[in-house]
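These protein sequence lines map, in sequence, to chains A and B. Okay, so the first sequence: first residue is 1 according to the numbering used here, each after it adds one. Okay, so the second sequence: first residue is 113 according to the numbering used here, each after it adds one.
Keep in mind that the hints are not guaranteed to be accurate.
What the hints assert, rightly or not - For each label pair, taking beta carbons as the anchor points, the in silico distance ranges come out as:
hint, chain 1, residue 1, chain 2, residue 2, range
1, A, THR98, B, GLN115, 14 to 24 Å
2, A, ASP95, B, ALA141, 32 to 42 Å
3, B, GLY172, A, ARG9, 41 to 51 Å
4, A, SER67, B, GLY129, 47 to 57 Å
5, A, SER67, B, HIS188, 40 to 50 Å
In short, the hints are calculated from the structure, not lab data. Note that the Cβ used here is the ideal one computed from N, Cα and C, for glycine as well.
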Amino acid sequence: DAGITQSPRHKVTETGTPVTLRCHQTENHRYMYWYRQDPGHGLRLIHYSYGVKDTDKGEVSDGYSVSRSKTEDFLLTLESATSSQTSVYFCAISDSSTDTQYFGPGTRLTVL
Amino acid sequence: QQQVKQSPQSLIVQKGGISIINCAYENTAFDYFPWYQQFPGKGPALLIAIRPDVSEKKEGRFTISFNKSAKQFSLHIMDSQPGDSATYFCAPSGNEKLTFGTGTRLTIIP
């Protein structure tokens with residue numbers, strides 16, 4: 001899986017609680033991305049990073065924040081989880097020299 | 113705003129047949145046209161991709177056909193096998209950001 005790990009792999013939480021998902025890479029790639037995958041929507045970009053401390057919003061960023069303090073780690077935070085954020089979350093990385101993105105194994109998040 | 117339209121939503125093909133999945137896009141700034149394959153419980157993985165300077169690319173049983181004027185590209189899987197059963201996504205890209213289609217669930221039956 002191209003040296004990408006995500007943690008946790010599964011999480012069940014309650015509405016209103018904060019949640020942080022972690023993506024860790026060992027490839028030293030510049031770009032990192034967070035997507036959510038929902039039936040009928042494909043994968044939608046939440047936030048992405050183009051370097052340490054450099055991040056930008058994607059298509060569905062409301063309710064999410066990110067941080068990247070080291071090249072290898074990209075954190076996704078749900079400040080106050082809602083049921084609409086129940087989804088499978090994928091992290092991806094990319095070498096800026098190509099457009100190919102390599103995906104992690106995913107985190108299944110359930111918000112009750 | 114739906115920038116990428118993928119069809120069909122699901123497809124059943126007999127083993128040995130040809131599977132064809134289509135993708136139409138609106139953004140003329142896209143300059144990279146990949147197809148990703150996803151198995152249940154796994155993340156998507158790049159299957160094959162094309163740049164707009166060529167109209168066709170073949171890798172083994174997989175072929176991308178690209179029509180720039182129609183803003184469409186398609187994936188052809190020849191001699192489809194049960195192991196090809198998966199969900200396929202087109203994901204045209206510009207500026208290192210992919211825009212995913214909604215996916216096609218392909219089932220190959222014996």
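Hints versus structure:
no.	hint	verdict
1	THR98(A) / GLN115(B): 14 to 24 Å	21 Å, holds
2	ASP95(A) / ALA141(B): 32 to 42 Å	21 Å, violated
3	GLY172(B) / ARG9(A): 41 to 51 Å	32 Å, violated
4	SER67(A) / GLY129(B): 47 to 57 Å	48 Å, holds
5	SER67(A) / HIS188(B): 40 to 50 Å	42 Å, holds
Against the hints set out earlier in the document, violations occur for numbers 2, 3.
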